[in-house]
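If you use full-length UniProt numbering, the sequence shown corresponds to residues 1 to 193, in order.
Derived by calculation from the structure, the hints in this document are not laboratory data. There could be a bad hint or two in this list.
[Said to hold, decoys possible] In silico EDC-like links for lysine to aspartate or glutamate, alpha-carbon gap of 16 Å or less:
1) K100 to D30
2) K100 to D145
3) K100 to D56
4) K100 to E55
5) K100 to E75
6) K100 to D8
7) K34 to E55
8) K34 to E18
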Amino acid sequence: MQRSLRADARANHDRLLEAAARTFAQQGADASLKAIAAEAGVGIGTLYRRFPTREDLIEATYRNETDRLCASARELLADRAPLAALREWAEAFVDYMLTKQGMADALPAILAAREGLRQHSRDALGGAVATLLEAGTAAGQVREDTEPNDVLMALGGITLISGHEHQRDLASRLIVLLLDGLAASHGTAADPA
Numbered sequence: 001m002q003r004s005l006r007a008d009a010r011a012n013h014d015r016l017l018e019a020a021a022r023t024f025a026q027q028g029a030d031a032s033l034k035a036i037a038a039e040a041g042v043g044i045g046t047l048y049r050r051f052p053t054r055e056d057l058i059e060a061t062y063r064n065e066t067d068r069l070c071a072s073a074r075e076l077l078a079d080r081a082p083l084a085a086l087r088e089w090a091e092a093f094v095d096y097m098l099t100k101q102g103m104a105d106a107l108p109a110i111l112a113a114r115e116g117l118r119q120h121s122r123d124a125l126g127g128a129v130a131t132l133l134e135a136g137t138a139a140g141q142v143r144e145d146t147e148p149n150d151v152l153m154a155l156g157g158i159t160l161i162s163g164h165e166h167q168r169d170l171a172s173r174l175i176v177l178l179l180d181g182l183a184a185s186h187g188t189a190a191d192p193a
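Taking the hints into account, I'd like the entire structure generated from these sequences.
Structure below.
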């Protein structure tokens, strides 16, 4: 059980994870830890006290980005229509995947070595999509036959197809096409409306 951090230590921790996410997305998993600490406004000793190894920092960054993305589903639904919330979440998912690609060299070994990490991510992402889809179905905006895992697979495919940040606009266009297909006004392939 992790004990609570003091407010200043929590702020340092959060800044380190934010700086790591940006840096890993831009420079990859081998990015300079000293540069990450500097960007976060802390010394390298503070980074190593919080994250003794590069792998610890990568895992914490991955968990943090996953948890932030998943928590945003309910936040988006608080002030947006469900289909609009789903679109904004899908855009954030692509950005999350681009960050994850920056850690791609290191993540497979970390996911294999850290028990439960892969399942935690799958469950959290599936739960976030299910929350968005349930709200969309209840509002009559999303087809009732939409499966959360299908949406995640489609978003993963969009990320792979659109590749990197230089094709980010392609991902947005593909998200619009996907969401048009999920809209309740459309019939299913088996039962065209």
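The hints, checked one at a time:
Distance restraint check for K100 and D30: the Cα-Cα separation of roughly 13 Å lies within the 16 Å cut-off, and the hinted pair is therefore satisfied. For the suggested pair K100 and D145, the alpha carbons sit about 29 Å apart, so the restraint of at most 16 Å is broken. As the CA atoms of K100 and D56 are separated by approximately 15 Å, the hinted pair is consistent with the 16 Å bound. Note on K100 and E55: the hinted pairing holds, with a Cα-Cα distance of about 14 Å set against a maximum of 16 Å.
Distance hint between K100 and E75 is unfulfilled; the C-alpha atoms sit about 22 Å from each other, more than 16 Å. With a C-alpha separation of about 27 Å, the suggested pairing of K100 with D8 is violated against the 16 Å cut-off. Restraint check for K34 and E55: the C-alpha separation of about 15 Å stays at or below 16 Å, so the hint holds. A C-alpha spacing of about 14 Å is found between K34 and E18, which places the hinted pair at or below 16 Å, so the restraint holds.
Comparing the model with each earlier hint shows violations of hints 2, 5, 6; every other hint is respected.
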